[in-house]
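**Student:** Sequence:
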Amino acid sequence: MTIGKSGYFYGWYFKCQSDTQTLAVIPAVHRAGREKTCSIQVITQKQSWTVSMPEDMFQKRGMTIAVGENRFGKRGIRLAVCAPGLEVKGTLVFGDLMPLRYHIMGPFSLIPFLECRHSIWSMKHRVWGKVSVNGETYSFDGAQGYWEGDRGRSFPKEYIWTQCSFPEGSLMLSVADIPMLGFHFRGVIGVVVLDGREYRLATYLGAKISEIGDGMVKVMQGRLELEPHPHPFVL
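In our numbering, the protein residues as written are 1 to 235.
For the record, the hints were derived by calculation from the structure and aren't laboratory data. Here a beta-carbon is modelled for each residue, glycine too, at the ideal position from N, C-alpha and C. Possibly wrong hints are sitting among the right ones.
[Claimed, not checked] If you anchor each label on the Cβ, the simulated ranges turn out as follows:
(1) 52 with 211: 34 to 44 Å
(2) 158 with 113: 32 to 42 Å
(3) 186 with 137: 11 to 21 Å
(4) 85 with 112: 16 to 26 Å
(5) 209 with 52: 34 to 44 Å
(6) 101 with 62: 16 to 26 Å
(7) 83 with 35: 16 to 26 Å
(8) 141 with 209: 31 to 41 Å
(9) 135 with 100: 35 to 45 Å
(10) 136 with 225: 36 to 46 Å
(11) 103 with 60: 14 to 24 Å
(12) 107 with 139: 40 to 50 Å
(13) 45 with 212: 35 to 45 Å
[What the hints assert, rightly or not] Only pairs whose alpha carbons sit at most 20 Å apart, straight line, appear in this in silico SDA-like list of lysine to any residue:
(14) 36 with 8
(15) 46 with 130
(16) 208 with 223
Generate coordinates for the entire structure from the input sequences, incorporating the hints supplied.
**Tutor:** Pasting the structure below:
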C-alpha cells in the first residue's frame with residue numbers, strides 16, 4: 001500500500017486461532033489526497049473480504065476503535081457487517097493481554113520520518129465467543145488471540161511477515177525494506193514468547209538475515225537463531 005506524502009493509514013490486526021479455525025479482522029482508516037475512507041477486512045482460511053465505508057464512520061478513543069456499528073478494543077470485538085457478498089455478526093471477548101516489555105521497534109519508534117510504524121499490543125491472549133461469516137460459524141472457547149497495529153504513509157515495497165501462536169507461546173517476525181535518508185536497508189523486527197520468556201531479534205539489537213528465499217528466512221543474532229517458514233497466505 002502506497003498512498004503518497006499527503007496521505008496516511010492506520011489499522012489494527014486482530015487474529016483469533018483455535019485448533020481448527022482461524023479468523024482475522026482488520027479495521028483501518030485511509031487518506032489519499034482528498035479521498036478519505038475507512039474499511040473492515042475479514043480474512044478466513046478460505047477467503048477474504050474488504051468493506052469500504054465513509055471516513056466519518058471511523059472513530060478512535062484511546063484503545064478503542066469504532067467503524068460504524070463495529071467495535072474493537074482490549075476487551076474484545078463486536079462485529080456487525082452487512083454489505084454485498086458479506087454478512088458478519090458476533091462478539092468475541094478477550095482475556096488478559098500479553099504486551100511486550102518495550103516497543104517492538106525499539107529506538108526506531110522515535111524516528112519521525114519512517115514510512116511505516118509497527119506496534120504489538122498483545123502477543124497472546126485468550127479468546128471466547130462466536131462469529132458468523134456468511135452463515136459459517138467461527139467458534140472460540142479459550143482460543144488464542146494476537147493483536148498488532150500499523151500506521152504511516154506507505155507499506156514497505158518488499159516485506160515478509162509471519163505470526164503464529166502455539167501452546168507454549170507465540171512468535172512474530174517481519175523483514176522489510178526500509179528507506180532512510182536516501183538509502184535502503186533490510187530491517188528486522190521479531191519476537192518469540194516461550195514459556196513466559198521474551199526473546200527478541202531486531203536490527204537495533206544486531207540481528208542479521210543469513211538466508212532468505214523460497215518461502216523461508218533465517219535470522220541470526222548472537223547465539224539466537226530463528227528460522228520460520230512463512231506461507232504467503234498465512235493470516
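**Student:** If I claimed the Cβ atoms of residue 103 and residue 60 lie 14 to 24 Å apart, would that claim hold in this structure?
**Tutor:** Distance hint for residue 103, residue 60 holds at roughly 19 Å.
**Student:** Please check whether residue 141 and residue 209 have a Cβ separation lying inside 31 to 41 Å.
**Tutor:** For residue 141 and residue 209 the Cβ distance comes to about 39 Å; the hint holds.
**Student:** Just tell me: holds or violated, for the beta carbon distance of residue 52 and residue 211 against 34 to 44 Å?
**Tutor:** holds, 39 Å
**Student:** For residue 36 and residue 8, compute the direct alpha-carbon distance and say whether it is at most 20 Å.
**Tutor:** holds, 10 Å
**Student:** Keeping to a limit of 20 Å between CA atoms, is the pair of residue 208 and residue 223 held or broken?
**Tutor:** holds, 12 Å
**Student:** If I claimed the Cβ atoms of residue 136 and residue 225 lie 36 to 46 Å apart, would that claim hold in this structure?
**Tutor:** About 39 Å separates the Cβ atoms of residue 136 and residue 225, which means 36 to 46 Å holds.
**Student:** Taking the CB of residue 83 and the CB of residue 35, does the distance hold inside 16 to 26 Å?
**Tutor:** holds, 19 Å
**Student:** Check the hint pairing residue 46 with residue 130 against an upper bound of 20 Å on the C-alpha distance.
**Tutor:** holds, 18 Å
**Student:** At the C-beta level, are residue 186 and residue 137 separated by a distance inside 11 to 21 Å?
**Tutor:** violated, 42 Å
**Student:** Does the Cβ pair residue 107, residue 139 satisfy 40 to 50 Å?
**Tutor:** holds, 42 Å
**Student:** Against the range 16 to 26 Å, how does the distance between the Cβ atoms of residue 101 and residue 62 compare: consistent or not?
**Tutor:** holds, 22 Å
**Student:** Residue 158 and residue 113, beta-carbon distance inside 32 to 42 Å?
**Tutor:** violated, 19 Å
Of the numbered hints given earlier, the model fails hints 2, 3, 4 and 13; all others are met.
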